[in-house]
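S.K.: Going down the list, the sequences are from chains L and R. So the first sequence is numbered by numbering that gives the first Met the number 0: it starts at 0 and just counts up by one. So the second sequence is numbered by numbering that gives the first Met the number 0: it starts at 0 and just counts up by one.
No false leads were slipped in.
Below, a sample of chain R positions facing chain L; criterion: calculated Cβ distance under 7 angstroms:
| # | residue |
| --- | --- |
| 1 | Thr145 |
| 2 | Cys173 |
| 3 | Thr176 |
| 4 | Thr180 |
Hints are computed from structural coordinates only; laboratory data are not their basis. Ideal Cβ positions, reconstructed from N, Cα and C, are used throughout, including at glycine.
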Amino acid sequence: MGIAHELILRWSKVIDPEVNIDVITLKLIYDLDVDDKNMIVNFKFKPTVPTCPIGHQLALQVYYEVAKDDSIKEINMEITEYIYADKINILIKEIEEERRKKSEVKNHVQ
Amino acid sequence: MKELVVVSGKGGTGKTTITASFTYLAKNKVIADCDVDASDMHLITAPDILNTIPFKGRKKAVVNEDKCISCGKCEPACHFDAISDINKINPIKCEGCGVCDLVCPVDAIDMVETIAGDLHISESRYGPMIHARLRIGEENSGQLVTLVRQYAKIMSADRKKELIIIDGPPGTACPTTSAVTGTNLAVVVTEPTLSGLHDLKRVTDVIKHFRVEPVVIVNKYDINKNMTDKIQEYCNEKNIPLLGKIPFDKVVVEAMVAGKSIPEYYNGELTIIIKEIWEKVYKLLTEVN
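With the rest of the complex left out, here is chain L (with noise of 0.2 angstroms):
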């Protein structure tokens, strides 16, 4: 099983509480690009609707189904569409940032 069928599957239990709809199903992940060889996960999260009021709590969910796998180097998430759209993309680059420092350290530790 591949590294994208891995994350879908993954993202199928993110479920939207208000309708009850997992984000595959809702296709609110768009434009995955999973490079298998230097573990470079790249895609697009949206919300709902642009005023989502779980937004937030929405994408990081997505996101950490993501960086909960070690093995995957680096994780280039966007979130459109959404009013907080600029707020949580640079949380979670920063997110993303500590993570990938803390994963090198763990590499060189080994």
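Given the coordinates of chain L, work out where chain R should sit on it, guided by the hints.
M.R.: Chain R alone, transformed into the frame defined by chain L:
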């Protein structure tokens, strides 16, 4: 199995009237009334309810009077003014946010599951039908719509039906999201009014957001031909197929009063127009994935 959803953006455009006509004309289908806040398809299909399943919505706060010390901390904490007296919570106003539970110093608030609506599995003269009704003042209609669709899919597989026809809710909020997501085609019924055009634009944006293809029907097109032209222009500009225009006709009211869909009640010009539109819809449905 294909899923067709009929939505409108603006309420009162004739969405259920047209959906009922489609369900009469369609063969081998399951009907799903997803307008759970104000369902009315049953007025035409007159279903026999075979089974009713309670729908549990969001949890609600209830005061445990044995533990409550009447400190009053919960009252100002409630942003929905659901606590008007020290230990009385209005269940209609309670949104189940749980803030009162957090501020209570003696853990005297219990968050309990409540029945927010009922889902019905029915049989009608038009075929099997899944419908539901949200109770007064209840929330989570998006979840109930999802449940209706899930039961419709089970029913469709069980009865080997090839099509689910969904009567969607008006508006563009969560219930519409639930009704549109993952369908094969979305029919938007609009009317030639300013608000009809305005809400048509909004709902087609929502439909496209979920990567479903919209098509448009203008109901009562001849009550304002100028506005119908504007709807046509908008559809052309956005490359949205306008499948047909239905004229105003008093026979629609007569059919509703008789509790019948238009093709069932009347075999005249209006029925011919609706049949032509249905054939176009069905052809598109067979073509899409």
